[in-house]
Amino acid sequence: MLFNSLAYALFLPVVFLLYWFVTSGRLRWQNTLLLLASYFFYGCWDWRFLFLLAFSTFLDYYTGIKIFDSKSIRAKRIWLAISVIINLGFLGFFKYYNFFIESFERLLNIAGAPGDFNTLDIILPVGISFYTFHGLSYVFDIYNDKITPRRNPVDYALFVSFFPLLVAGPIERATHLLPQVEKPRVFSYAKMTDGLRQILWGLFKKVVIADTCAEGANPIFNHSMELEGSTLLLGAVLFTVQIYGDFSGYSDIALGSARLFGFELLRNFSFPYFSRDIAEFWRRWHISLSSWFRDYLYIPLGGSKAGTARVVLNTFIIFTVSGFWHGANWTFIAWGMLNALYIMPLVLFKLNRHNLEIVAQGKYLPSLKEFLQMLLTIVLVTIGWIFFRSGSLMSAVYMVRDIFKPSLFSIPDSTLYSSTLLFLIPIFFIIEWLGREGKFALEHFSLNWNRALRWSFYIVLAVLVIVFSGEEQEFIYFQF
Amino acid sequence: MKTLIAKTLVFLTLTLATCVVSMFLLRHFTDQQKNFQLPDETKYLFAGHSHVRLAINDSLIKGTRNVSEEGEAYIYTLQKLKTYLHFNPQVKYVFLECSNNSVSEFFDSRTWNQHFIKTKLPDYNIPIDSEDLGLLLSHEPLTTIETFSISAKAQLEFLLSRQSDYPSSAEWFKHRYYSQSDVDSILHHSKIDTLSQLQKNPSEHALFYIGKIVRFCKEHTVQPVLMRSPVHPAWEYLLNEDMFCSEIRRRFPEVVFLDFGHYPMPDDEFRDLAHLNYKGAIRFCQLFDSLIATGAVDSYKPGEYPKFGSGGCQ
Chain A
1 MLFNSLAYAL FLPVVFLLYW FVTSGRLRWQ NTLLLLASYF FYGCWDWRFL
51 FLLAFSTFLD YYTGIKIFDS KSIRAKRIWL AISVIINLGF LGFFKYYNFF
101 IESFERLLNI AGAPGDFNTL DIILPVGISF YTFHGLSYVF DIYNDKITPR
151 RNPVDYALFV SFFPLLVAGP IERATHLLPQ VEKPRVFSYA KMTDGLRQIL
201 WGLFKKVVIA DTCAEGANPI FNHSMELEGS TLLLGAVLFT VQIYGDFSGY
251 SDIALGSARL FGFELLRNFS FPYFSRDIAE FWRRWHISLS SWFRDYLYIP
301 LGGSKAGTAR VVLNTFIIFT VSGFWHGANW TFIAWGMLNA LYIMPLVLFK
351 LNRHNLEIVA QGKYLPSLKE FLQMLLTIVL VTIGWIFFRS GSLMSAVYMV
401 RDIFKPSLFS IPDSTLYSST LLFLIPIFFI IEWLGREGKF ALEHFSLNWN
451 RALRWSFYIV LAVLVIVFSG EEQEFIYFQF
Chain B
481 MKTLIAKTLV FLTLTLATCV VSMFLLRHFT DQQKNFQLPD ETKYLFAGHS
531 HVRLAINDSL IKGTRNVSEE GEAYIYTLQK LKTYLHFNPQ VKYVFLECSN
581 NSVSEFFDSR TWNQHFIKTK LPDYNIPIDS EDLGLLLSHE PLTTIETFSI
631 SAKAQLEFLL SRQSDYPSSA EWFKHRYYSQ SDVDSILHHS KIDTLSQLQK
681 NPSEHALFYI GKIVRFCKEH TVQPVLMRSP VHPAWEYLLN EDMFCSEIRR
731 RFPEVVFLDF GHYPMPDDEF RDLAHLNYKG AIRFCQLFDS LIATGAVDSY
781 KPGEYPKFGS GGCQ
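If you read the sequences in order, they're chains A and B. In terms of the numbering used here, the first sequence is residues 1 to 480. In terms of the numbering used here, the second sequence is residues 481 to 794.
Incorrect hints may have been included.
[Unchecked claim] Covered stretches of chain B, going by a simulated chain A footprint (3 or more residues, C-beta under 8 Å): (1) 496-510; (2) 632-639.
[Claimed, not checked] Pair by pair, the computed Cβ-Cβ distance ranges are: (3) A:L36 <-> B:E721: 54 to 62 Å; (4) B:K482 <-> A:T32: 55 to 63 Å; (5) B:L622 <-> A:E443: 26 to 34 Å.
These aren't lab readings, by the way, just hints derived from the structure by calculation. We put the CB at the ideal spot given by N, CA and C, even for glycine.
This is chain B alone, in the form it adopts within the complex (with noise of 0.2 Å):
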C-alpha cells in the first residue's frame, strides 16, 4: 500500500511538472509564431461592449478597428489591448468605451463570467499578471484553472496546424449587423424606470480597470479616450447618471471623455434603447470619421469633455 501511494505521488509530480515545462513550452513557441498585426494605417482602435461594438462600422472610418465584444468586461479588455499594443506600434488612440452599465456594479458578473474566462485568456495567449489572475481565481477558481489547460490546447493546435493568425477568430472583428428596430415595442411594452442598487451602484472593479487600461495605453505612448456611444434617451440605466459623470470626472481627470450618450439620434436608428442599428451606425460613424479627418480628436486636451448634443457630463 505504501509503495503504491509512494509511487502514485511521484507520479502525479512528475506529471504536474511536465505540465507546467509543456504549457511553458507551448506558451514561448505560440508566442514567436502568433500574429496580431493590424495594417499599417491602423492608427485607432475601438474597445469595449456591445454599445461601441455595434455603433462603429470599422469599414466606414479610415485608420480604425474595431475589436469590441458584446459584454465584455475591463479585465478582458485589458488582456485584448496588451496584445493588439504589443503587435502594432502604429497605433495612436485607443477608445475605450464606458457607459452607465459597464460602470455599474450589476457588470461585474461579466468580469466573473465563466464563458468570458475560459475564451478571453486563452484567445490572446497573454500571460496574465498576478493581480488579474488573483481577482478571477478568488471568484472562479476552477474555471480560472481550467483556462490553463484551454489555452495550452490552443496553443497547440495552433502550433500543428500552422495557422497564420492567432486566434482564428476574426469573426468577432466584423460589424455586427442589425438592421431592425424594436424600440417602438419596447417603449410600448417594456420600459423600465426604475433600477436595483447592482444597477446604482458603481463597479470598483470595472473603474479599477478602465483605470489600468489607460494607465498601460500612455505607458505604450497611446492616448486613452474615454467614449460613450449614443443611447436613446429612455435607456433605464440613464437613471445613474448622477453617479455614471460624477465617477468618471472623479476617477479620469486627465483623460478626453467623448460623451455621445445623448446624441440626438431618430428611434428608428437604434436597434433598442442601449444599442444602434446598422443605419444608426452608419451615421455615427460619419460623424466620428469627421471628427478624426479634421483633426478633432488630435486637438482636445487631457480632461475635456467635449459635447456631443445636450445633456451628458460636462
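Isolated chain A, as found in the complex (with noise of 0.2 Å):
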C-alpha cells in the first residue's frame, strides 16, 4: 500500500475515524488499534514478511529487558551483542547476501582462482533497513542507560511498526517517540490541518513533481551511453530534482499522517538544495538516518574529538557505511566516499559547523555570495547522485566523463522529459524557498493569504495531484 495510493486514501481515514471516535480516547485501544492497523499497512506488501517483522520486534523487546536486567556489564555486552548480530544478520542476509557472493566470486577471479557460487533469489523485506535501525537504536539506548526498557510489548511493538514510518523512516528513536506513545494524545486542530497541508505538499512533491522527472531522468540514466552531454546533464538535474521530491515528499506524508494521530515524528529533511556547503547539506538531507550514524557510529568511534588521521578515518567510515547501508552496490559506496570527500576540508580546517542557521532568514533572496554557495554544492551533490542513480560505477564514470563533452552546450533532446516540467520545477521552487522558514514549505506559506484564495491553492495543488496520479510509481527508498 503506497502513500500515493488509493487504498492508502482509503486506509489512513478509516484509521484515523476509528482512532478519535471509537477508542474514546483510551490509550490502550488506541495503541492497539493502530498496532494493528500496521500490521495490517505492512502485510499489504507481503504478509510473509510480518513473521519478520514480529520476530525483529520480540528479539529487541527481550534483549533489551534482558540488558537492563543484567547485573555485569559482561552479561549487559552479550545480549546487546546477541540483538546486534542477529538483527544486522538478517539485513546483512537479505540485503547483502548476493552483494557479498558476487564481490566475493569477482575477488577470487582477478586473483586468478575462480570460483562459482550460488546467489539466492532473495526478496528484500520492504522497510527492513528502517525498523532495523529502530530496534537498534532501542536496545542501544538501554546499554548506554538513555531509557529503560518497556515492558507493555504492544507499546514497544507499535513503536517499531507505526505504519507513516515503517517502510521509509524516519528512523526514530526510542528517546523520542516512546514517550509519545506512553502518553495520552489529544485532539488538536490545528495540529490536523498542519498533518493536512505536510500531506498535501508530500504528495505534490511526489506525485507531481518526483514521478514527472522520474519519467524522464529514467531513460536518460538507462541510455546514458547513447545521448549528447546537455541530455545527460539535464538528466542528472532530474534525477536530483527526483530524489528530493520523492524521499522529502514521502517523509512528509509520513510527518503528516503521524500528526493526525497526535504523533510528532523526527524531521528527516530541511531545505537541503538550499544549503551553502555540503555540511550543511548533510544536516539537512535524511537527517535521521545522518543523526543516527553520528550518534550510534561516528561518536563512538571518537567522532571530531581524535587525532586528525582518526577523524579522517572516521568521516570515511560513516560516510561509506551510510552510502552502503542504501543498497548492496558499489555505485552506493561510492557515493558515501564522494560526499565524504567533498565534505573532508570542512572538517580538517572545521568549517563543518558553519551556516547553521537558515540562509538568507528573513529575507526574500539571498546575497550574490549565499547564491554561488548555494550553486557549488547543488553542483557537488548532483555530480553525487549520478554515481547514486547509475547501474554501476562505470555507467556513473562514462556519464560524468561525457556531460563534460562539447555537446554540452547543444539543446537537450526535449522528447526525454515532460513540458509541463518547465513550469512545475520553478514554481516548485519557489514556494520551497519562501516556506523554507518552516518545518516544511506550507507550514507558514500562504497562511496569511485571505481564505479564498489560500483554498484556492489548496485545492490547485490537489487537483494537480490527481492529475498526475495515473500511474503509482513506488517510493525511490522503499528499494532500501
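Each chain sits in its own coordinate frame; assemble them with the hints.
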C-alpha cells in the first residue's frame, strides 16, 4: 500500500475515524488499533514478512529487558551482541548476501582462482533497513542507560512498526517516540490541519514533481551511453529534483499522517538544496539517518575530537557505511565516499559548523555569495547523485565524463522530458524557498492569505496531484 | 473534530468538482487542437492486432495506412477508428483483422489488460461511451479510473508543449520488421496440437465489438472488410477453425471477408506460425496491392468470401 495510492487514501481516514471516535480516547485501545493497522499496512506488501517484523520486534523487546536486568557489564554486552548480530544478520542476509557472494567471486577471479558460488533469489523485505535501525537504537539506548526497557509489548511493537514510518522512516529514536506512544494524545485542530497540509505538500512533491522528473531521468540514465552531454546533464538535474521530491515527499506524508494521530515524528528534511556547503547539506538531508550514524557510529568511534588521521578515517567510515546502508551496490559506496571527500576539507579546517542558520533568514533573496555557495553545493550534490542513480560504477564514471563533451552546449533532447516540468519545477522551488523557515514549505506559506485564495491554492495542488497520479510509482527509498 | 471533518469534506468536494471541470476543459481544448489527419490519398485503413501489423507494410501499398497494434482488443480498435474516421473523411475502407485467436475467449484478457487501458484510451482522447466504459469499469475499476488522470496529464502536456500531433506515438505505425523465421525451430521443438477451452470458445466481447466496429463504419459511409492474414498451416489456433468460420458467417453475413488464412506461403516467409516476417509481408503486400489496384476490393459484394488458397471459411 503506497502513500500515493487510492488504497492509502481510504485506509488513512478509516483508521483516523476509528482512532478518534471508536477508541473513546483510551490509550491502550488507540495503541492496539494503531498496531493492528500498522501490521495490516505492512501485510499489504507481503504478509509473509510480517513474521520477520514480529520476530525482529520480539528480539529487541526481549534483549532490551535482558540488557537492563543483567547485573554485570559482561552479560549486558553479550545480550547487546546477540541483538546486534541477529539484527544485522537478517539485514545482511536479505540485503547484502548476493552482493558479498558476487564481490567475492569477482575478487577470486582477479586473483586468478575462479570460484563458482550460487546466489539466491532473495526478496528484500520492504522497510527492513528502517525497522532494524529502530530496534537497534532502542537496545543501544538501553545499554547506554538513556532509557529503561518497555514492559508493554504493544507499546514497544507500535514504536517499531507505526505505519507512517515503517517502510521508509524517519528512523525514530526510542527516546523521542516511545514517550509519545505511552502518553495520552489529545485532539488538536491546529495539529490536524497542519498534518493535512503536510500530506498535501508531500503528495505534490512525490506525484507531481518526482514522478514527472522520473519519466525524464529514467530513460536518460538507462541510455546514458548514447546521449548528448546536455541531455545527460538534464538527466542528472532531473534525478536531483526527483530524489528530493520523492524522499522528502514521502517524509512529509509520513510526518503529516503521524500528526493526524497526535504524534510528532523526527524531521527528516530541512530544505537541503538551499545549503551553502556540503556539511550543511548533510545536516538537512535524511536527518534521521545522518543523526543515527552520528550518534551510534561516529561518536563511539571518537567523532571529530580525535586526532586528524582518526577524524579522516571516521568521516570516511561513516559516509561509506551510510552509502552501503542504501543498497548492495558499489555505486552507493562510491556515492558515500565521494561525499566524504566533499566534506573532508570542511572537517579538517573546522568549517563544518558554519552556516547553521537558515539561508537568507527574513529576506526574500540570498546574497550573491550565498547564491554562489548554494550553486556550488548543488553541483557537487548532483554529481554525487549520478553515482547513486547509475546501474554500475563504470556507467556513472562514463556519464560524468560524457556530460563534459562539447555537446554539453547543445539543446537537450526535448522528447525525453515532460514539458510541464518547465513550469512545475520553478514553481516548486519558489514555494520551497518562500517556505524554508517552516518545518515544511506549507507550514506558514499562504497562511496569511485570505481564505478563498488559500483554499484555491490548496485545491490547485490537490487537483494537480489527482491529474498526475495516473501511474502509481513506488518511492525510491522503499528499495532500501 | 466536527469542524475538521466538515471542512475536509467541503475541500474534497470542491477539489473533485474542480477536477471534473479541469478534465472537461482539458479535453475540450485538446479536441480543438489534436490532429490525426492522414494524407488525402489514404483511402484504406488496416486495423487489428499483431497479425495484420506484421503482414501489412503500408509503405508498399498505395493509399493505405496500417493503424494496428500488437495484442490490441477490438474495444480499443473501435476507439482508434472513431478518431481516425472523424479526422479522415477520405477513408473509404477499413480492413479489420479477424483471426482464430482474436475471436477466441482467450483474447478477452487483452481487453482487460491494464497496459492497454492506460495507453489506448488516453492516446486517442476519445470520450468513451458509457457501454464501453461500463465494461472496463466492471473488470478493471481502479485502472479505468486511473485512466482519467493519465488522459488529463497527457492533454495538459500536449497543450503546454504545443506539439503538432496528438499523441506523439507515430512509432506504432511503422512497419514492425522481423527478418528471421523461427518456423523450423518451432515445428521441431514446441508445436502444440491441443487447445484449451478458452482458446476453443468464441469471445462474446470480441464478436460484439467487431459488430460495433462494422456498424460504426457503415454509419460513417466507410466499407468495413473483415480479413484474416496468412498463418502457417501448423498454427495451433487453426484447431478452432470450425468455431471461427461459423461465428464469422453467422454474425457478419453482410460483410466481405477476405480470408488469406490458408494462403500458401513458404516457411521462410513466416516469423513464427502466426505472423509473417519481412519477406512474407512484401509478398503479401504485393498481392494486396494488386487487389486494390485492379479494383477487386471494390467489386466484392457484401457477404462474399473470396477464396485465396485452399481451405478457409467458405
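Taking the hints in turn, this is what the structure says about them:
1. Here the region 496-510 of chain B counts 4 residues with a CB under 8 Å from a CB of chain A, which clears the bar of 3, and the coverage holds.
2. Restraint check on the region 632-639 of chain B versus chain A: 4 residues with Cβ-Cβ distances below 8 Å, three needed, restraint holds.
3. Separated by about 57 Å at the C-beta atoms, A:L36 and B:E721 satisfy the suggested range of 54 to 62 Å.
4. Against the hinted window of 55 to 63 Å, the Cβ-Cβ separation of B:K482 and A:T32 comes to about 25 Å, which falls outside the hint.
5. Distance hint for B:L622 and A:E443: a CB-CB separation of about 33 Å, consistent with the stated range 26 to 34 Å.
Checked against the numbered hints above, the structure breaks only hint 4 and satisfies the rest.
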